[in-house]
Amino acid sequence: MAESPSPPLPPLPKPYQDTAAYWEAAREHRFIIQKCKDCGEYQFYPRGVCSHCLSSELDWEEASGKAEVYSFSINYRAPHPGFADKTPFVLALVTLDEGPRMMTNIVDCDPDEVRIGMAVTVTFDDITEQVTLPKFRPI
Amino acid sequence: MAKAMREVAIVGVAESDLGRVPDKSKFQLSAEASRLALDDAGLSVKDVDGLFTTIITEGGQFSSMMMAEYMGITPRFTDSTSIGGSSFVVYVEHAAMAIAAGLCEVALICHGSTNISDRGGKGGPVSQSSEVFGPTQFEEPYGVSTVGSYALAAQRHMHEYGTTSEQLAEIAVATRKWAVMNPKARMRDPITIDDVMNSRVIASPLHLLDCCLVTDAGGAVVLTSLERARDLNKAPVRVLGSGEAHTHRMISQMPDLTQTAAAISGKLAFERAGLTHADIDVAEIYDSFTITVLLTLESLGFCAKGEGGAFVSNQRTAPGGDFPMNTQGGALSYTHPGMFGIFTVIEGVRQVRGECGPRQVPDARIALCNGTGGVLSSTGTIILGRD
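If you're matching them up, the sequences are chains A and B in order.
Quick note: the first sequence uses the working numbering, first residue 241, plus one each step.
Quick note: the second sequence uses the working numbering, first residue 66, plus one each step.
Heads up, a few of these hints could be off.
[Unchecked claim] One side only, chain A facing chain B, incomplete, derived with CB under 7 Å:
1) C279
2) L333
3) N345
4) C349
5) L373
6) R377
Because the hints were derived from the structure by calculation, they are not lab data.
Just so we're clear, the structure is a prediction, and the values are computed from it rather than from any experiment.
We put the beta carbon where it would ideally sit given N, CA and C, even for glycine.
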């Protein structure tokens, strides 16, 4: 019996020098971000240098996973065939307790209940065996 | 140098065929617009010694070399700065600088795109990539899109300042009124605020009619020294002031979702021109989305931050309003081939020349054009004036 074709996957990250540790941690359901050993600033997304002082001395730190919704949009149109069965979805920017801002999806709640300023916490979405995306849900 | 750049003029402008042009390549649209802009100036392709262009879609690698070769040009000044739709406004600054410095004499800025034909004639997603390399791997897996990015800015502006969807709709309605008077505009049926509000939500809070068109189009602009310009076909339009800036590439990295780089580029342009906001007779503001316009007007300082909604209310930017804006119908109603910047320049020049027929702003002597590129990432601002 023929299997029905599985829906296409959304675009997935291809880890590289700057980002491999981040994606590996995510796979283990750990959320880590970079902190500069020289200037002490946190940054997101991961880079090979500090975007505040250009130092190459960066530490990975386990982040609290706590954040606040900075802005969001309920998306009704799939930007890629891999989202065709996922609309509407909540595209969001969250400000981490540590300071940096990142893009994510707000999940595990009715899209209409998402508000700017809402407290959220990290949750892990295992997309494939190799790739896990950190997402956020209301606390 | 800024003073010397005021001795440079735009002498030719033109569009190619617009709308759905499935039988012509983006290269041909760019070259045909170039020929028409050179005709407008009374110059020949043999006169061109500076070339400014970028193509960001398939076949666009090494854009300036490729387009120079396509048109038989051997430039001694070349620029493929690629910062999105604002690139072509920024090229005006770069071309003025190159001409003022004696690095070239006749600069051609050109653009061609088959943005709608590339999608098989339909709007909507184009991305099919399955793996994302580079920093955008921190956005694309979450479903980022251009409209989604701008929607994040709109939502934040509403949250901070109480801006409403009705206020954003004012921009779309006013822009359509201008398009009604432009035979080249793609969408020419009048719309109401209710029409915008009742159009489907694409990415909240943005509705379909808050979004620009998707079309094929080409455009071109020719510049030379003011001295040489005075011997050519059309009245020279001087580049009185200009500025450029960019603040981020990805929307998640935008320092403040409610302020664009126009706060930098606009300030520079006004300072270099020695002019104030009250001197501007007509404004051509890149309108990829209604929110783009609102943020840009605030960032340029036409109103205070947070007051953009009130500023555009009561059809202030419509024909007959006291702030004529996007007089060809903008990216919302006239054309938008993915990068719109060159069309703000073309219309600004035509308004200052006084050749816009029914949509002419009476006695428009000074125009401000502002391009925005990427996801509210980059801006170029130029102020143009009658010689």
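Against the structure, the hints come out as follows:
no., hint, result
1, C279, "violated (18 Å)"
2, L333, "holds (6 Å)"
3, N345, "holds (5 Å)"
4, C349, "violated (15 Å)"
5, L373, "holds (6 Å)"
6, R377, "violated (14 Å)"
In summary, the structure is inconsistent with hints 1, 4 and 6 from the numbered list given earlier, while agreeing with the others.
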